[in-house]
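S.K.: Residues per chain, in single letters:
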Amino acid sequence: MVKGLLYCAITLNLSQAIAVEDEAQKNGEYIFNLGGCASCHTIEGRAPLAGGLEMETRFGTFFTPNISPDKPTGIGEWSDEEFLVAMTSGVSPSGEHYYPTFPYTSYSKMTREDLLSLKRYLDSQPAVSQKNIPHDLSFPFNSRSILFFWKLFNFDGGPFISESSKSKSWNRGAYIINGPGHCVECHTARNILGGLKHEMFLEGNPDGPEGESVPGLTPGKDNRINQWSEEDILFSLQLGMIPDGDFLGGSMGQVIENTTSKLTEEDLRAITNYLKSLSRK
Amino acid sequence: MNRSISFDASRRNSGWLVTGIYIIALNFSPAYAHSGAEGIVKERMDMMDKIGKNMKAMKGMIQGKTELSPDKIASNAESIQSASKHIKKMFPEGSINGPSEALPTIWENWQKFSSLTEELSIESENLKQLSTSQDRRSLMKQFAKVGKICRSCHTDFRKKKTKKE
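Taken in sequence, the protein lines are chains A and B.
So in my numbering, spot 205 of the first sequence is number 205, and the numbers just go up one at a time.
Count along the second sequence starting at 1, add 281, and that's the number in my numbering.
To be clear, the hints were calculated from the coordinates, so they are not data collected in a lab.
Some clues are possibly wrong.
Footprint (simulated), chain B over chain A, 3 or more residues, beta carbon under 8 Å [as the list claims (entries may be wrong)]: (1) 206 to 213; (2) 234 to 244; (3) 247 to 255.
Pair ranges (Cβ atoms, derived) [to be verified]: (4) A:Gly-157 x B:Lys-366: 47 to 57 Å; (5) A:Pro-209 x B:Pro-385: 52 to 62 Å; (6) B:Pro-380 x A:Glu-96: 42 to 52 Å; (7) A:Pro-209 x B:Asn-390: 17 to 27 Å; (8) B:Ser-396 x A:Pro-209: 23 to 33 Å; (9) A:Asp-232 x B:Ser-419: 16 to 26 Å; (10) A:Glu-77 x B:Ser-396: 33 to 43 Å; (11) A:Glu-82 x B:Thr-347: 50 to 60 Å; (12) A:Lys-131 x B:Lys-337: 41 to 51 Å; (13) B:Gln-410 x A:Glu-82: 52 to 62 Å; (14) A:Glu-23 x B:Pro-380: 44 to 54 Å; (15) B:Pro-380 x A:Ser-162: 28 to 38 Å; (16) A:Gly-45 x B:Glu-406: 23 to 33 Å.
Heads up, the beta-carbon is just placed ideally off N, CA and C, and yes, glycines get one too.
If we strip away everything but chain A, and leave its shape as in the complex, we get:
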C-alpha cells in the first residue's frame, strides 16, 4: 500500500516535471522565433542551427556560429550559466568577447526565464556537427581585445526595466523591440565604431547591414510608416504587405518569415502600441 502510494507520488511528480519542461520548450520555441535566431544561424536548405552564414560588413566578413546542441562544434557543452553570460554580456564560455554582429546588446535585456526557455528549446534540437568558420576581419578589428573598449562605450548591459506609468501592452512592446526582437539593431543608425546612435533611436539607418537602407519606425514626417494605421502596421508584420499593395522583401522579408509572422496578435499589437507612442521629431 505504502509502496503503491510512493510509486503514484513519484509518477505524478515526474509527469508534472515533464509538463513543466514541455512548457519551457514550447515557450522557448516562441522565444527562438521572437529572437529571429534562424535568420542568422540557419542557412536555407542546410542543416538547421549549424551557422556558417556569411555577413559582409565594413569591418570584414563574419561567419555565424553553430548553435545546435552538438558538443564538439555547437553549444551542447554549455551550462545554463554560460549561456546566460553569452546572451547578456557577450562573453563566450572561454572568456572571449563576442562581436556585436551577435546582438547580445539587445538580448541582454531579456528575462532570465525567457533565456532559459530558449536554451531548453535549443537543447531539444538535433545536434549538427559543423565546425565554425573563423571570421575574416581587417586590422585592428581582427583582435577581440578591442571589444572590451567597444563595450565600455557602446554597451550598458542593463536589463529591461518596465515603466509602471505605461500599460502592460506598451511595456511588452518595449521589451520585444529593445530586447529579443532586437529591432533597434537595424532600425537605428550607427556611429563610426558600429555602436548605436541612441539619440537617433529607431529613426532608420541609411547604411544598414549589407548597405541596405533601413526605414525609420518613429512617427517622424519622413518615415513611410508615419501614414500607416495600427492595422496597416499589423498587416505588414503578419504578412509583409504594405498599404500600396507591395510586399516587403530584403532583410525584413526574412524577419517577417522567421519572426513577426509567427507572433501572437497580442504581441504584434504591443509592438504597434509602443511604436505609435514614440515621440515625433
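Guided by the hints, dock chain B onto chain A, whose structure is given.
M.R.: Chain B in isolation, oriented as in the chain A frame:
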C-alpha cells in the same frame, strides 16, 4: 525611463575621443530609382504594379473594411493568375539594366524562381475558387498564401533598398 534605452551623451562623447583612432571609410552603395525603365524591365515593373494593385483591392474586402464582393475577388485573383503565367518570360537572363530591381540570383536559382511563379498561379487560382465563400477567415488564409509567395520572391530575388546618394 528605461535606462537600457536611454542615451548617455557625455559617456558616448568620451567614447568618441578615446577610440577615435579607429577611423573607418564608409561604403556608399549605388542608388537607383524606378523611373526611366525601358523595354522588358518597364513591362515587368508595370506588371508587378498591377499585381500589387489587385492585392491592395482585395485587402480591404478581406479585412472587412469594405463590402466583400465575390465578383471582385474573383476578378482580382484571375488577374494575378493571368500575370503569373508571364513572369518567367519577362525575366530573360541578365536583364538587370536601368532601374531594374532584379537580382542575378534569379538566374542562378532559376528553379526556385520558376517554382514560385508556378505556386503563384496555383494559389491565385485557389483564391479565385474561394471567392464565392463568405467566410472571411478562409479567404484571409488563402490571401496570405498568395502574399507569402510575393514576400518570398521579394526577399530572395529583389534588390535591397539602398540609400539615395
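S.K.: If a hint holds in the structure, say so; if it doesn't, say that too.
M.R.: Here is how each hint holds up against the structure:
Under the rule that three or more residues need a Cβ within less than 8 Å of chain B, the assignment of the region 206 to 213 of chain A holds, with 6 such residues. Counting residues of the region 234 to 244 of chain A whose CB lies closer than 8 Å to any CB of chain B gives 7, which reaches the minimum of 3, so the coverage claim holds. Residues of the region 247 to 255 of chain A with a Cβ under 8 Å from some Cβ of chain B number 7, which satisfies the need for three, so the listed coverage holds. A hinted range of 47 to 57 Å holds for the C-beta pair A:Gly-157 and B:Lys-366, which are about 55 Å apart.
The beta-carbon spacing between A:Pro-209 and B:Pro-385, approximately 20 Å, falls outside the hinted interval of 52 to 62 Å. Range check, B:Pro-380 to A:Glu-96: about 45 Å between beta-carbon atoms, so the 42 to 52 Å window is met. Look at A:Pro-209 against B:Asn-390: about 21 Å separates their beta carbons, and that is inside 17 to 27 Å. Look at B:Ser-396 against A:Pro-209: about 28 Å separates their beta carbons, and that is inside 23 to 33 Å.
A hinted range of 16 to 26 Å holds for the C-beta pair A:Asp-232 and B:Ser-419, which are about 23 Å apart. Taking the beta carbon of each, A:Glu-77 and B:Ser-396 are about 40 Å apart, inside 33 to 43 Å as hinted. At about 55 Å, the CB distance of A:Glu-82 to B:Thr-347 agrees with the hint of 50 to 60 Å. Evaluation of the 41 to 51 Å hint for A:Lys-131 and B:Lys-337 yields a pass: the beta carbon distance comes to about 48 Å.
Evaluation of the 52 to 62 Å hint for B:Gln-410 and A:Glu-82 yields a pass: the beta carbon distance comes to about 54 Å. A C-beta distance of roughly 51 Å is found between A:Glu-23 and B:Pro-380, which places it inside the suggested range of 44 to 54 Å. At roughly 46 Å, the beta carbons of B:Pro-380 and A:Ser-162 sit outside the given window of 28 to 38 Å. Look at A:Gly-45 against B:Glu-406: about 27 Å separates their beta carbons, and that is inside 23 to 33 Å.
Checked against the numbered hints above, the structure violates hints 5, 15; every other hint is satisfied.
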